[in-house]
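Chemist: Spelled out, the chains give:
2 protein chains.
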Amino acid sequence: MGNTLLLPEIAELLRKKKFDFLREFISEMHEKEAADYLSSLSPSDIWKILNLFDAHKRADVFSYMDMDVQVKMISGGLKRHVLDLLTPMSTDDRADLFQHLDKHVADKLLTYLPSRERADVLHLTSYEEGTAGALMSSDFVALHENDTVASAIKTIRKIAPGKETVYYTYILNDSGVLLGFLSLRKLILSKPQVLVREIMKTDVIVVAATDDQEKASNLINDYDLIAIPVVNSDNKMLGIITYDDAIDIIREEQTEDMERLMAISGPVEEKPYLDIGILTHFRKRVVWVVILGFFGILTGMIIQGFQKTLETLIVLTFYMPLLNAAGGNTGSQSATVVLRSLALDQLKPGDIFRVLKKEFVISALLALCLGIITFLRVHLLTAPDQIGAEFTLLSVATVIALALSIQVVWSTLFGAIIPIIAVKVKIDPAVFSSPALSTIVDMGGVVIYFSIAKMILGI
Amino acid sequence: MGNTLLLPEIAELLRKKKFDFLREFISEMHEKEAADYLSSLSPSDIWKILNLFDAHKRADVFSYMDMDVQVKMISGGLKRHVLDLLTPMSTDDRADLFQHLDKHVADKLLTYLPSRERADVLHLTSYEEGTAGALMSSDFVALHENDTVASAIKTIRKIAPGKETVYYTYILNDSGVLLGFLSLRKLILSKPQVLVREIMKTDVIVVAATDDQEKASNLINDYDLIAIPVVNSDNKMLGIITYDDAIDIIREEQTEDMERLMAISGPVEEKPYLDIGILTHFRKRVVWVVILGFFGILTGMIIQGFQKTLETLIVLTFYMPLLNAAGGNTGSQSATVVLRSLALDQLKPGDIFRVLKKEFVISALLALCLGIITFLRVHLLTAPDQIGAEFTLLSVATVIALALSIQVVWSTLFGAIIPIIAVKVKIDPAVFSSPALSTIVDMGGVVIYFSIAKMILGI
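As they're listed, the protein sequences go chains F and L. Residue numbering for the first sequence follows my numbering, starting at 1 and increasing by one per position. Residue numbering for the second sequence follows my numbering, starting at 1 and increasing by one per position.
Honestly, the hints are just simulated from the structure, not real lab data. Worth double-checking, as some hints may not be accurate.
All copies of an identical chain are treated as equivalent in the list; a pair is satisfied when it fits inside any one copy or across any two copies.
The list that follows gives simulated cross-link-like pairs (lysine-lysine, BS3-like), each with its CA atoms no further than 25 angstroms apart [to be verified]:
1) K424 <-> K103
2) K57 <-> K186
3) K154 <-> K186
4) K357 <-> K18
Isolated chain F, as found in the complex (with noise of 0.2 angstroms):
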């Protein structure tokens, strides 16, 4: 999304090749903001301007546009202007936009690029989508166990431009494993000539490579840090991941929880709604309205089954709505309270049975409103010509209460209890989506409603 408030300005400072005020006039802008305004340009006039700056702010700018943005101006800049660029480029931000890149460009830049940066982009993108070594950036401050205080401190101002944060330091032996962090507010606070091993905090709060992010992102939040350090199953450190990708993370996350819940399947689209095609959206949507088709069909051949109670008493018909509308809607809600806990870290798996028991003593109190609601509404609304003379109309109004009722039960225990089971057998509890869970619940409650009305009243 550019910003496009200025933008007739900067297209006159453009066109009339005012370089100088240009770069002025966008220096004093937050990176961020630069990166909005020009983004609504063409990719060569983004160039243009970008060229203007130094390494370092010319990164940060181009790191801050959206990845499709990147992408076009990547695949379609210099090479030599390619290559300034994402030398300096955050790690984490570059190996992201390799793996946004065309195959072949990628391969391509990969050979022209230095060494250093060749090994690192080729190892970061090395872990699998979603770990915390795919979202890791290599730019840390890593300090060795026999530095002062005052060493540490020269090599943090040598380094400090191009590292992610200077904030928090590390601490590693000749091998590279992790020993110990340090933040910066401790160092300016300690006497230049202690060791740095003899003042680290050696209880280090780590994630694996392997690990999912959001694991990574759970414990920067639960510890209030700027970083996390990453490591390999030998302790050595890897990289870092930082708070505002945690914030990002919890973010995706989010959004991910929402649609799978909402039962719109696939990755959450990194683009904005109205630049995601219509193909996409209805793609992502198709899946499950098409399978819950399915079961709403199926619910309809249930019903069929029971056609001659049907005909018998037509009644019936008019409180399916209500008894859908309760078990859809007392599933949907325990279901997600039961994620959100889940979600939070708040509930174990192992916690099911008090879940069960809690859940049990709730519906059943739900069950007894609408049961009460319901059964005051059938009994004295009713017109006596609505049912045959074989029923009475207090026999019709407890079938529908006691059938609701039981409907409102068994739709929250199985809403509440799906995302545990799904946690137990390791699959993400949040695919379980509370259309789908509608549906199967109301499926359930077709039979309990029919064959309620088949035992109490005999049709």
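With chain F held as given, fit chain L onto it using these hints.
Modeler: Relative to chain F, chain L alone:
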């Protein structure tokens, strides 16, 4: 949620009064871990252990405890201990705690607090819940415009332990107006004798104290900030909000959005699922279950109005679940996508016609898919004796498939438009839940279904 793994050991150490060993043992833990362990003990045991630590460690561990444990401890602690604990706490955590105390406990404590801390609590608690002001901390590093880099670093060294973050410093003039900011990174890279106002960034991203807290968290996220300054209408600096608070807000707002979306009412509970009372769970769910139950009954009454149609062609009943599922699912999908895009600022209410155009095409494609499947299913798989001699299979299949298609299109458009209208009339778009949507489109669907049957089949 207390951590219980090492609890027997801790209890044993307490019983044997091995306080030195206990202090050693817990000092090595991260404050959050220590808080998790201690939370499972009785308040008096927690007090015994907390009082082993120095003021800052004690306050840090305490701040990581759940709010209900904090409240219990403050309400039951000795006045001397309580005051020793409250004084060094982070100002935002302390203000938050006061918001949760019983009014008379809070008032009594306030009178005992040193005047500086009392004024701070009174100021921070004066902002309305949900605003940036209510969330901010007053612990920030303020520099004067005439300070040099050397004196700035000296200031930071002196006050660092008590400040929320020292990584960003703010430069104020004599009246406390915010002039610019400097990162600690920049400070340690600059020459000692330079004035801070010469190197500070003047293009500071700020929020007003009365702005919504979500605005602050969005800015922190968009600009990758560690902290954002909070100012009043005269641009005087009042406090900061840090990135870890932004993460908490994002999570809380997400839980709220999800609960709204699933028809769970009321404010988000801070306590984990298992700690929330059954009646609270019940209250949060019953409202919508009953309201939507009434809508379900209303839908039944509409069906009742078409009783003759239904009795003439009972096969129509068998496709009601399909109609219901298709409407609810497609409506929920479009609502979710639009809602999420609004929340991420990817859509503005002004885009309403572009959204409708897009959703119309998507829904037409979905309707086509489902319509064809349904037409074939009815036409090919319905036994001729299921329908009266006065109708042809072709006409019945057309009615059902057509009604379904219209239902899909109108549900999708309805789902997309509702969140946008909500934003336009300035109510929370997530207030309109997916179950409410399903129930309402179902009502419309029933009308569409039977009206089309009436028109085409003349019943």
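Chemist: Now tell me if each hint is right for this structure.
Modeler: These are the hints, each one checked on the structure:
In this assembly of identical chains, K424 and K103 lie within 25 angstroms of each other by CA distance neither inside one copy nor across copies; the values are 38 angstroms within and 44 angstroms between. For the identical chains of this complex, K57 and K186 are inter-copy neighbours only, at 15 angstroms across copies versus 29 angstroms inside a copy, given an alpha-carbon limit of 25 angstroms. Proximity of K154 to K186 under the C-alpha cut-off of 25 angstroms is found in both arrangements, the shortest distances being 15 angstroms within a copy and 14 angstroms between copies. For the homomeric pair K357 and K18, neither the shortest alpha-carbon distance inside one copy (72 angstroms) nor that between copies (41 angstroms) is at most 25 angstroms.
Figure legend: structure checked against the earlier numbered hints; hints not met, in rising order: 1 and 4.
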